[in-house]
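**Q** Make a model of the complete structure from these sequences and hints.
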Amino acid sequence: MTKIGLEIHCQLTKLESKLFCSCKADYRSLPPNSNICPICVGLPGSLPTLNKKAVEKASMISIALGCKIPEKISFFRKNYFYPDLPKNFQITQYNAYGPTSIGSDGIVQIEGKEIRIRRIQLEEDPGRLVYEGSSQKTQITLVDYNRAGTPLVEIVTEPDFENPRQVRIFLNVLADLVENLGVSDPYLEGAMRVDGNISVEKGNRVEIKNVGSFRDVEKALHFEMTRQQSLVDRGIEVAAETRHWDDARKITVSSRSKEEEQDYRYLPEADIPIVGIAQDRIENLKKQMPESIVAKKERYVKKYGIPQQVADVLSSGKFYSDLFEKSHTESNAKEVANIITTDLMGFADTREKKTDLKLTHRNISDLADAIVNGTMTRNSGKIALQEMIKTGRSLSEIMSSLDLGNMNDASSLEKIIDEVFVEEEKAVSEAKQNPDTINYIVGKVMRKTKGKADPGTTLEIIRKKLSL
Amino acid sequence: MKLGISATEYLSLVRSGEISVEEFVAKTIDRIQAVENKVHAYITIDSENALNKAKLIDKKIRAKEKTGMLLGMPVSIKDNICTARLRTTCASGLLENFVAPYDATVVSRLKQQDSIIIGKANLDEFAMGSTTEFSHFGPSKNPWNPEYVPGGSSGGSGVSVSSLECMVSLGSDTGGSVRSPASFCSVVGLKPTYGLVSRYGLVSYANSIEQVGPIARKVEDIALVMNVIAGHDPHDDTTVKKTNEDYVAGIDTGIKGKKIGLVQQMTGDGVDKEILAATNKAVSKLQDLGAECMPVSLGAVEHSVAAYYTIASAEASSNLARYDNLRYGFDFGTEGYEFKAYVSKVRSNFGPEVTRRMLLGAFVLSAGYYGKYYLKAQKVRTMMKSQIDEAFKKVDLLVAPTMPILPFKLGEKIDDPLKLYLLDINTITANLTGIPAISIPIEISSAGLPIGIQLFANSFQEKSLLQAAYSLQQTVNLPEVPL
Chain A
0 MTKIGLEIHC
10 QLTKLESKLF
20 CSCKADYRSL
30 PPNSNICPIC
40 VGLPGSLPTL
50 NKKAVEKASM
60 ISIALGCKIP
70 EKISFFRKNY
80 FYPDLPKNFQ
90 ITQYNAYGPT
100 SIGSDGIVQI
110 EGKEIRIRRI
120 QLEEDPGRLV
130 YEGSSQKTQI
140 TLVDYNRAGT
150 PLVEIVTEPD
160 FENPRQVRIF
170 LNVLADLVEN
180 LGVSDPYLEG
190 AMRVDGNISV
200 EKGNRVEIKN
210 VGSFRDVEKA
220 LHFEMTRQQS
230 LVDRGIEVAA
240 ETRHWDDARK
250 ITVSSRSKEE
260 EQDYRYLPEA
270 DIPIVGIAQD
280 RIENLKKQMP
290 ESIVAKKERY
300 VKKYGIPQQV
310 ADVLSSGKFY
320 SDLFEKSHTE
330 SNAKEVANII
340 TTDLMGFADT
350 REKKTDLKLT
360 HRNISDLADA
370 IVNGTMTRNS
380 GKIALQEMIK
390 TGRSLSEIMS
400 SLDLGNMNDA
410 SSLEKIIDEV
420 FVEEEKAVSE
430 AKQNPDTINY
440 IVGKVMRKTK
450 GKADPGTTLE
460 IIRKKLSL
Chain B
0 MKLGISATEY
10 LSLVRSGEIS
20 VEEFVAKTID
30 RIQAVENKVH
40 AYITIDSENA
50 LNKAKLIDKK
60 IRAKEKTGML
70 LGMPVSIKDN
80 ICTARLRTTC
90 ASGLLENFVA
100 PYDATVVSRL
110 KQQDSIIIGK
120 ANLDEFAMGS
130 TTEFSHFGPS
140 KNPWNPEYVP
150 GGSSGGSGVS
160 VSSLECMVSL
170 GSDTGGSVRS
180 PASFCSVVGL
190 KPTYGLVSRY
200 GLVSYANSIE
210 QVGPIARKVE
220 DIALVMNVIA
230 GHDPHDDTTV
240 KKTNEDYVAG
250 IDTGIKGKKI
260 GLVQQMTGDG
270 VDKEILAATN
280 KAVSKLQDLG
290 AECMPVSLGA
300 VEHSVAAYYT
310 IASAEASSNL
320 ARYDNLRYGF
330 DFGTEGYEFK
340 AYVSKVRSNF
350 GPEVTRRMLL
360 GAFVLSAGYY
370 GKYYLKAQKV
380 RTMMKSQIDE
390 AFKKVDLLVA
400 PTMPILPFKL
410 GEKIDDPLKL
420 YLLDINTITA
430 NLTGIPAISI
440 PIEISSAGLP
450 IGIQLFANSF
460 QEKSLLQAAY
470 SLQQTVNLPE
480 VPL
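Protein chains in written order, with numbering that gives the first Met the number 0: chain A, 0 to 467; chain B, 0 to 482.
Just so you know, these hints were derived from the structure itself, not from any lab. Hints are not guaranteed to be accurate.
Quick list of in silico lysine-lysine cross-link-like pairs, DSS-like style, CA-CA up to 25 angstroms [what the hints assert, rightly or not]:
1. B:K272 with B:K378
2. B:K240 with A:K52
3. B:K240 with A:K77
4. B:K378 with A:K77
5. A:K77 with B:K272
6. A:K208 with B:K241
7. B:K240 with A:K51
8. A:K71 with B:K384
9. A:K77 with B:K344
10. B:K241 with A:K52
11. B:K240 with A:K71
12. A:K77 with B:K339
13. B:K375 with A:K71
14. A:K71 with B:K378
15. B:K1 with A:K71
16. B:K272 with A:K51
**A** This is the structure in structure tokens:
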């Protein structure tokens, strides 16, 4: 049986400052080595001071993943020499001498399967190495310490996944979860990074690193599973090793560096005193935490009668569910959900498009109202939505300038239908024989009215005229 | 005007206008120029800036403007404590030209009170040593006899105060590094409670046990400096939040009725006879002052040297890992080196003692040995702490010789690390348990070498510790430094 375990690094991007100093946690788009101070570059004499907010956010993740939070947490130094590590040790957490990390022993349900969380730890991100040219051939490695000290939560699972598909589902759930908690934006580049361990029956465990985006994890694991299985089938031993994901070739490659078992010489970090975590603080935090995705979904279904599938899509993305919460009313909730999940998600499918949206909450609400009370068709609604996305103008303005009002005046609609009957003589006689083709004529009418005609009324009139 | 006055006397002379700051600082600089080649207290001297500062403070005094409470007092700073403009070398070749972009919290607090940093004092490389012989810049020498070691690792601090090259100094005490030179140079040195004084800007050697501590010629001067440097620092999470005490007020309260325990394990056979005799004499003086003295046993002291060198070396191996010469350091190009080769190459420039402790530390932390050495050492530490707690249920203070032997000649023990490590037997208990300890001079030996005594109090009992030290100081009359 294939066994897969994950180590996920998730930056707490929603924090203001780094884990041990007051530099910005948001280091992206800053000039290299401009977001640094004596503490995060480990200058002699500097000392770390713990960002208490980071402990809070990490606790929220632990709670959400069903982990136990110990009464006291402490920090350790993981010692190794690497150019992206300014102190040549990383301040992290370590449970070998008892559980002192921010969480342990959690459980996440995905599609009825239980994935056990071994531990969650709070730690600092190292700096970033920038290679001049490709990393294989370069003579020069540059270091940017802007990222050094960014708060990071490492989530380690037990090897409970049976296939790469489960991994993908889990990662999506996790990404939605941290986003919903408001602790991280998992879709920022490098905000969520995943290493995997995978073994097939009768094979050794292989570690996969360097998977650039967490969306590629499934591919990398799939490749690796197939590779290992074909070795086992041929009676060749699967070497216990670390392999890197080669993004260009979409294959895993054995790491050339000697993978001797690293001895990290863990040592308690005396500069950061043990932090007591009072039970009532945890209870308080639980109360303050945003509604979980599961609870949100249930509420959408129960309270508004939104269909399961729509509720599922709507509740998992924080951006869209926030939009829903702010724009719906009791009466138009179902339609707002519909507009968001069927139309808006298609128009604003990238991060840039989402941030460029001019659309207001009022816009969506008005639009849904118009559709619900029949002053506008769904088709016209789509056109209006696109306009709102671009300009954010009010519905009434858009309706008059684009002439999108519903054509519920039966006489003018009849006039147009008459015109179509003349233009489409052949289709009309065909429809008389075969009523199934009537939709063709409805389509013609819709085109002629630019979608303003109500499809139901149109059909009714046509049927009457055809004496069907 | 004499240079050998106490800080308290200095302040009243300056305040009354009898002397100017500039006059005193200039005289101190003359003194440095006269004796520095004999004792080598300093790595860096900042005369010009010191004089300019002195003039500025005089101007403020004349204009009756608000001045800091230290009124231009010249101080030396151990060169492992960061100063924004002056280089901080840690007496290491690796940091020969390192200038920190910030002041240590203790330094900025001194500056805020208008004290003048006159120079950076010599030390054993990264504060690892007990004699100041392990300095990249050469050893400091004992002002009482320049053929002898001044103690260490804050040797330059002890020497600069003893030889009147400054008024007070800041050192750091990881295993006795303030008290050892205080004892060997016949001055006063305090290791404060862990967490009372900020370590921000003190270059870490063993960060779970070390503290910045003052060295001065008088106990009341120590109290004065503590009033400036002690207290919570938002830059150091290990400093405690408590209301600041006035250590000067009531320093002459006396010790009537205090219970003082003489530590048996620190007064055994290993201690020099002359030192034992001086200690006993001091104990009877304490009794004369109204204290009740009794023997106290601290069994764990036997294991303290082993535990100390295990823990301190382990922390050192991690704390000193950052010196890879990539972000700062000495001039040595990376061209032609792969990362690890470069790091190994530059790190071969550490001196022998630092290398020894880093290797020892890496070993005791490595897989398979952690439990055998590091965890065991931590257990000894816990045991010591509980024995100390027990002891302070019975007594108010503990007393013992600071150093088990008299100052010895330069080079005499440099090749025998174990002998050097054993010098710390009486001082490291305070570091491993976090309690405060002070060394004060009590006698000059028949060979003309200083003898110090050490008093310990329970955590954050500095006030009572200083009162006892002051009482004892009033009973001793020591000759001036023969330099």
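**Q** It remains to establish, for every hint, whether it holds in the given structure.
**A** Status of the hints after comparison with the structure:
1. B:K272 with B:K378: Not satisfied, since the Cα-Cα distance of roughly 33 angstroms exceeds 25 angstroms.
2. B:K240 with A:K52: Roughly 20 angstroms separates the two Cα atoms, so the pair holds.
3. B:K240 with A:K77: With Cα atoms ~29 angstroms apart, B:K240 and A:K77 exceed 25 angstroms; violated.
4. B:K378 with A:K77: holds (22 angstroms)
5. A:K77 with B:K272: violated (47 angstroms)
6. A:K208 with B:K241: violated (48 angstroms)
7. B:K240 with A:K51: holds (17 angstroms)
8. A:K71 with B:K384: At roughly 21 angstroms apart (the allowed maximum being 25 angstroms), B:K384 and A:K71 satisfy the hint.
9. A:K77 with B:K344: holds (23 angstroms)
10. B:K241 with A:K52: holds (23 angstroms)
11. B:K240 with A:K71: holds (20 angstroms)
12. A:K77 with B:K339: holds (17 angstroms)
13. B:K375 with A:K71: holds (22 angstroms)
14. A:K71 with B:K378: Given that 25 angstroms is the threshold and the Cα spacing comes to 20 angstroms, the pair holds.
15. B:K1 with A:K71: Not satisfied, since the Cα-Cα distance of roughly 56 angstroms exceeds 25 angstroms.
16. B:K272 with A:K51: violated (54 angstroms)
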